[in-house]
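Undergrad: Reconstruct the complex from the two isolated chains, following the hints.
Now for the letters of each chain:
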Amino acid sequence: MEQQLEASILGMWVFLVTEVMFFGGLFMAYIVYRHMYPLAWAESSHELNVWLGGLNTLVLICSSLTMALAVRSAQVGSRRGQIVNLILTIMLGTTFLVVKYFEYKTKFEHGLVPGPNFDPHEVVNGALVPLHLPHGSEIFFSLYFIMTGIHALHMVVGIGLMSIILVMAWKGKFGPDYYNPVEISGLYWHFVDIVWIFLFPLLYLLGAHFTL
Amino acid sequence: MSGHAPITPVRTLVFIFVTLFILTIVTVLAATRDFGALNTPIALAIAITKASCVIMIFMAVRYNTPLTKVVVISGFLWLLILFGLGLNDYLTRSWMGVPGR
Numbered sequence: 001m002e003q004q005l006e007a008s009i010l011g012m013w014v015f016l017v018t019e020v021m022f023f024g025g026l027f028m029a030y031i032v033y034r035h036m037y038p039l040a041w042a043e044s045s046h047e048l049n050v051w052l053g054g055l056n057t058l059v060l061i062c063s064s065l066t067m068a069l070a071v072r073s074a075q076v077g078s079r080r081g082q083i084v085n086l087i088l089t090i091m092l093g094t095t096f097l098v099v100k101y102f103e104y105k106t107k108f109e110h111g112l113v114p115g116p117n118f119d120p121h122e123v124v125n126g127a128l129v130p131l132h133l134p135h136g137s138e139i140f141f142s143l144y145f146i147m148t149g150i151h152a153l154h155m156v157v158g159i160g161l162m163s164i165i166l167v168m169a170w171k172g173k174f175g176p177d178y179y180n181p182v183e184i185s186g187l188y189w190h191f192v193d194i195v196w197i198f199l200f201p202l203l204y205l206l207g208a209h210f211t212l
Numbered sequence: 213m214s215g216h217a218p219i220t221p222v223r224t225l226v227f228i229f230v231t232l233f234i235l236t237i238v239t240v241l242a243a244t245r246d247f248g249a250l251n252t253p254i255a256l257a258i259a260i261t262k263a264s265c266v267i268m269i270f271m272a273v274r275y276n277t278p279l280t281k282v283v284v285i286s287g288f289l290w291l292l293i294l295f296g297l298g299l300n301d302y303l304t305r306s307w308m309g310v311p312g313r
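Chain order of the listed sequences is A and B.
Take the first sequence: its position 212, counted from the start at 1, is 212 in the numbering used here, and no numbers get skipped.
Take any residue in the second sequence, note its place counting from 1, add 212, and you have its number in the numbering used here.
These are computed hints drawn from the structure, not numbers from a lab.
Check the hints yourself; a few may be wrong.
[Unchecked claim] In silico contact screen, one side only, chain A against chain B (beta carbon under 10 Å); selected entries: (1) I9; (2) T18; (3) T57; (4) L58; (5) C62; (6) A68; (7) V71; (8) V76; (9) P176; (10) G186; (11) I194; (12) I197; (13) F198; (14) F200; (15) L202; (16) Y204.
[Stated by the list, open to error] Under 7 Å between C-beta atoms, here's a sample of chain B residues computed to sit facing chain A: (17) I219; (18) L225; (19) T239; (20) V240; (21) A255; (22) F270; (23) M271; (24) N276; (25) V284; (26) G298; (27) Y302.
Backbone N, C-alpha and C define an ideal beta-carbon position, used for all residues, glycine too.
Chain B on its own, in the form it takes in the complex (with noise of 0.2 Å):
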């Protein structure tokens, strides 16, 4: 390997700040409006988009070797699947009118 890996300029680190600051006052400004059942999805919505702007651009893993993108992309896969085994449980639960809740 022949020189060192991409510097992020500060003007994209700026720009990633002030995007994240504006997001915060955005979730904070939807919460104290009732979307109904849309409530907790929007404000996922919000902070997944934030995390990624983090991932991407702070923790600079675009710049990353394949590997380490295999690495972040799983630890985030197997979160889904604890999630997503979790609820398979916990929300089937009442289905079936057996007691034990």
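This is chain A alone, in the form it adopts within the complex (with noise of 0.2 Å):
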């Protein structure tokens, strides 16, 4: 059993590290169009929400204390804490989601989202104005859009998973003696988490470029 545990893990981390070249790729490409136009980097980068974008941090950063409860609870052999903390995870998933919605939402009324109609608007004493921004803005909002799409993406297949573990731990199938697919899929959850606490700071929080 103990042997079964240590393959699940070594697999779960060789599936993790293809992510993390996937993401990098992102990363890459953004590091080298950041580079080639930093000010409509820090100029678009100031037309994001940093009190939303700052709000899911928080709000995955909870889901993945619960998430390494629920885990935690399938070692000691808790039923209700699995079910639970399994639950709560759920939720605080789910929560980004919706904050994230909005913040799409917000986006596409102010013309932000790259394509045909991109059309920059900030809203001025309650209007929308049209704003200027820098060359190379819909390159970042590309970027913005397809990193936090695809990041968006892995949660909800996220929450798929949790909902089946949900399940699983329901009938009481977790124990001490077998925990694997909570301990694989709480890595896989933690890893989202970790992608979110880069993209937040790269895509919200450009230098000295918003005042609170």
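TA: Take a look at the structure:
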């Protein structure tokens, strides 16, 4: 059993390494274009909502804690602990996606979605007024939508995984002797959290270009 | 192997959670001040610290087998190779003054 768990963890990490490389390619594109259009990066980043991004960071950190507690509950054989923590994890993950929905909605309203309708606006005294963004801003928003979009997709997959694990935990399938599925789903969940830990400062907090 | 893998105490998990929470607030506050060229390194240093906390404690890599640790480390090492060689290209393009950038 011990060896099975070790093998599962190793296999999951090999998969997570491919995920690291997958997101790594996007971060590489981010670095290259940021190097080419520093001004566009600074000014476009200013259009993102730091408070909602920060809130989502905290939501994900909470969900990582509940996930770690769910794994621990399985390790000590607490069915109730698993169920409570898994439900909390799913709820926090959903909260993240709801906040993300409102962020995306605002971006659409402000015309910040790349494509033929890219027409930046900002809110001044409650009214939408046209906003001039430097050349290259569309690339920033392309990367913003791709990176956060794929991250959100991972969240959806994670919530699906957690739902399956929740049903299995409900049936009492996990205990100190066998909890591999909880453990490796947990690894996935934490990985998605780590991606956001990097996305948040790199997309939302570009230097001193916003003031509280 | 006898017995089970070590179980992380709740106290440690909560401690890491609080650390992550505080570091998130620190990174937002740090972004409101201008440190010049150090802005991004500071933000990245905080992010790497947070990621390390998650990997070591929440993902319990410190309890894993040496083989798993090697896989984890090599994964991030390859990421550095990607960034290193990528920047080796893009950062040096303007040095020679040749068109094509």
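Undergrad: Each of the hints needs a verdict: does it hold here or not?
TA: Do the hints match the structure? See the list:
no., hint, verdict
1, I9, "holds, 6 Å"
2, T18, "holds, 8 Å"
3, T57, "holds, 5 Å"
4, L58, "holds, 6 Å"
5, C62, "holds, 8 Å"
6, A68, "holds, 5 Å"
7, V71, "holds, 8 Å"
8, V76, "holds, 6 Å"
9, P176, "holds, 6 Å"
10, G186, "holds, 8 Å"
11, I194, "holds, 5 Å"
12, I197, "holds, 5 Å"
13, F198, "holds, 5 Å"
14, F200, "holds, 8 Å"
15, L202, "holds, 7 Å"
16, Y204, "holds, 8 Å"
17, I219, "holds, 5 Å"
18, L225, "holds, 5 Å"
19, T239, "holds, 6 Å"
20, V240, "holds, 5 Å"
21, A255, "holds, 4 Å"
22, F270, "holds, 5 Å"
23, M271, "holds, 5 Å"
24, N276, "holds, 6 Å"
25, V284, "holds, 6 Å"
26, G298, "holds, 5 Å"
27, Y302, "holds, 5 Å"
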